[in-house]
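Protein chains: 2
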Amino acid sequence: MTGSLTVVGLGPGAAELTTPAVSLALHEATDLVGYETYLDRVPQTTPGQRRHISGNRVEIDRARLALGLAAEGRKVALVSSGDPGVFAMAAAVFEAIETGEAQWRALDVRVQPGVTAMLAAAAHAGAPLGGDFCAISLSDNLKSWETIERRLEAAARGDFVIALYNPASRVRPEQLARAFAHLRQWKAPETVVLFVHAAGTADTRLTVTTLDAADQPVADMRTLVVIGSSKTRTIARDGITPWVYTPRSEDSPS
Amino acid sequence: MTGSLTVVGLGPGAAELTTPAVSLALHEATDLVGYETYLDRVPQTTPGQRRHISGNRVEIDRARLALGLAAEGRKVALVSSGDPGVFAMAAAVFEAIETGEAQWRALDVRVQPGVTAMLAAAAHAGAPLGGDFCAISLSDNLKSWETIERRLEAAARGDFVIALYNPASRVRPEQLARAFAHLRQWKAPETVVLFVHAAGTADTRLTVTTLDAADQPVADMRTLVVIGSSKTRTIARDGITPWVYTPRSEDSPS
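Sequence order for the protein chains is E and D. Residue numbers 0 to 253, in numbering that gives the first Met the number 0, belong to the letters of the first sequence in order. Residue numbers 0 to 253, in numbering that gives the first Met the number 0, belong to the letters of the second sequence in order.
Everything labelled a hint here was simulated from the structure, so no lab data went into it. Yeah, the Cβ is synthetic: ideal placement off N, Cα and C, and Gly gets one too. There could be a bad hint or two in this list.
As the list claims (entries may be wrong) - Restraint ranges, calculated between C-beta atoms of paired labels, are given here:
id : chain 1 : residue 1 : chain 2 : residue 2 : range
1  : D       : GLY47     : E       : ARG149    : 38 to 46 Å
2  : D       : GLY47     : E       : ASP139    : 38 to 46 Å
3  : E       : ILE234    : D       : GLU145    : 23 to 31 Å
4  : D       : GLU71     : E       : PRO19     : 27 to 35 Å
5  : E       : ALA201    : D       : ARG177    : 45 to 53 Å
6  : D       : PRO241    : E       : ASP214    : 44 to 52 Å
7  : D       : ILE234    : E       : SER143    : 22 to 30 Å
8  : E       : ALA105    : D       : GLU71     : 55 to 63 Å
9  : D       : TRP144    : E       : ARG204    : 22 to 30 Å
10 : E       : ASP250    : D       : THR1      : 32 to 40 Å
11 : E       : ARG169    : D       : GLN102    : 55 to 63 Å
Said to hold, decoys possible - The following residues of chain D were derived to be distant from chain E, with all beta-carbon distances above 12 Å:
id : residue
12 : THR1
13 : ASP39
14 : ARG49
15 : GLY54
16 : GLU71
17 : ARG104
18 : SER168
19 : GLN184
20 : ALA187
21 : GLU189
22 : ASP202
23 : THR206
24 : THR209
Please model the entire structure based on the sequences and the hints provided.
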C-alpha cells in the first residue's frame, strides 16, 4: 500500500504555534479529514486537495474514514487541535486500527506532535507547571465520574500541579464545581487556581484565583484550568495580572 | 524600560518542530542566552546578535543574566529545549524575578511554548498518553527522593500514564531502577513501559517492554520513559516495533 495517514496537531490556535512539520504534512496531503472548526484553520495551499469535513462528534468514525482513505492509497492528514496525543485524535486512530481491518496495520501511520493547550496556557500565566504535574480530562462520556474523582484525589495526595482539560460542557456544566469541591478535601483553600480561556490565541484571557474562591468559574470547553501544587505562587505586579509559577525546588520559600 | 525577555522552547530537537513564534523571537532578539547545546541549535540569522553561552549548569544564574540584560534595555531570548515551562528555564526565571531586583517585575517577560519531549516521544510510539497522564522529573537535586516516591505512588494509585523526565544521570544512575521497583508495588508486571531515546530528532530509538522486564534499561538524560496505565495496549505489527496507545475510554477491551 502506498497510502499514508499522518495525525497532526495544529497547536492551540495561533498559526505561529503550528510546527513547520505539521504545516508540511498538511501541504503534502491529498486529503484532509477533520472537524470543521479545525479544518477552517488550515490554509488552502494545495490545489486538488480534498477536504472531508466532519460535523460528526464521534472521533472513532472520523478515524475510520481517514484510515479507509489511506488504505485506498490517499495521502491523508487527520487534523487535531493542540497535540493529537493529548485528549485528541491519535488514540482514536489506534483504537480504530486495533478493532478494524487487518490491512490497516500495514499502513504508514504517523503522529506529528503539537503544542497542547496546557503548555500555551502555562506560558501565558508564567510557569505554573514548573514542578511535577498531571493532566486530567473532566469529560465523563468516556470514563466514569468515580474514575475522575479517584484521579483528582491521587493528584492532590501526590501534590501535583493539575491541568484540567474539558472542564465544562453544555451537557454537564456542574462537573467543574464538583471537581473543586472534591479537591478541597485535600488541598488548602489558598491553593492557586488559573482559568485560561483560549490559550495560544489572540483572545487569551487569564483569571488568577484561589481554590476557595473558585466556585463561580467562567469556564467553557475552550478553557484550561490549572490547580497549583502546595508550592505554586503568584508574583504581584503593579496594576496587572500577577505571574504564576511553581518553583522547581521543594525548598523554595512558601 | 524598553528591554524584554522571551523564554523560548526550541522543541525536542528537529528544527521542523520549532514553532514559527519561537523562530521569530530568536530572530528578533539582540541577545541570546542559553546552555551551549541549545544555542548550537539556533541558526545565526541576525547580524550583530550577541550570544551569551552558559556552560554553567546553574539555571538560576542563567535566568539572572538574562533578566539583567533585559533590564539594560536589551531584547533577550533565553533558550530552552522542549517547552520552557516543563522542567526547563521558565520556572527559574520567575524564581529569579521573585527573589531579585524590584525593577525586574516591570520587565516585559514572555514565555513562548514548545513541543515538550513527552509529546514527541508519545507521537513516535503511537498514542500512549491517550488517557489521563502525569509528568514526573526523577532528578532529585531539587526535591527529595521521598517526594519522588510519594508522587510515583500517587500516580500508580490514580492509574495515570506516567512520563518520567530526567530518568538517569551520571551521578545517580540507579534511580530509574528504584522507581521501577517502587511502582511494582502497585502496578501489574505486564504494564507497558517505553524508552524513547532522543525523541523528536532524526536519531529517535524506541524500546517497548513491560514493567517486570524493565530492570536493565538503556536510559540516559536524553531518554523519556513512559509507564502505561492499566489500559495501555500494544498493537502487534509484522516485523516492526508495535504501536502503543492508551484508549480514551475505560471500557475498551483490555
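Outcome of the hint check:
1. Here the CB-CB span from D:GLY47 to E:ARG149 is close to 56 Å, at odds with the stated 38 to 46 Å.
2. The given range of 38 to 46 Å is broken by D:GLY47 and E:ASP139, whose C-beta atoms sit roughly 55 Å from each other.
3. For E:ILE234 and D:GLU145, the Cβ-Cβ distance of about 28 Å falls inside the hinted range of 23 to 31 Å, so the restraint holds.
4. Hint check: D:GLU71 to E:PRO19, Cβ distance near 33 Å, so the stated range 27 to 35 Å holds.
5. Between E:ALA201 and D:ARG177 the CB atoms are about 46 Å apart, so this pair conforms to the stated range of 45 to 53 Å.
6. At roughly 46 Å, the beta-carbon separation of D:PRO241 and E:ASP214 lies within the given 44 to 52 Å, and the hint holds.
7. At roughly 25 Å, the beta-carbon separation of D:ILE234 and E:SER143 lies within the given 22 to 30 Å, and the hint holds.
8. Checked against the hint of 55 to 63 Å, the pair E:ALA105 and D:GLU71 passes, with Cβ atoms roughly 59 Å apart.
9. At about 40 Å, the beta-carbon gap between D:TRP144 and E:ARG204 misses the expected band of 22 to 30 Å.
10. The hinted range of 32 to 40 Å is satisfied by E:ASP250 and D:THR1, whose Cβ atoms lie roughly 35 Å apart.
11. Hint check: E:ARG169 to D:GLN102, Cβ distance near 47 Å, so the stated range 55 to 63 Å is violated.
12. No beta-carbon of chain E comes within 12 Å of the beta-carbon of D:THR1; the shortest separation is about 17 Å.
13. Non-interface status of D:ASP39 relative to chain E is upheld: no Cβ of that chain comes within 12 Å, the nearest being about 19 Å off.
14. Distance to chain E confirms D:ARG49 as a non-interface residue, since its nearest Cβ pair spans about 25 Å, more than 12 Å.
15. Look at D:GLY54: its CB is around 20 Å from the nearest CB on chain E, clear of 12 Å, so calling it non-interface holds up.
16. Chain E leaves D:GLU71 outside its interface by the beta-carbon criterion, the shortest separation being 20 Å against a cut-off of 12 Å.
17. Once the 12 Å rule is applied to beta carbons, D:ARG104 is inconsistent with being away from chain E; the minimum gap is 5 Å.
18. Non-interface status of D:SER168 relative to chain E is upheld: no Cβ of that chain comes within 12 Å, the nearest being about 15 Å off.
19. With a cut of 12 Å on Cβ distances, D:GLN184 stays outside the contact zone with chain E, its closest approach being about 15 Å.
20. Annotated as non-interface, D:ALA187 keeps its C-beta farther than 12 Å from every C-beta of chain E; the closest such distance is 17 Å.
21. With a minimum CB-CB distance of about 17 Å to chain E, D:GLU189 clears the 12 Å threshold, and the non-interface call stands.
22. With a cut of 12 Å on Cβ distances, D:ASP202 stays outside the contact zone with chain E, its closest approach being about 16 Å.
23. Remark: the non-interface label on D:THR206 is consistent with the geometry, its nearest Cβ contact in chain E lying 18 Å away (cut-off 12 Å).
24. Under the 12 Å C-beta cut-off, the non-interface status given to D:THR209 relative to chain E holds; the minimum distance is some 18 Å.
In the structure shown, a violation is registered for the earlier hints numbered 1, 2, 9, 11 and 17, in ascending order.
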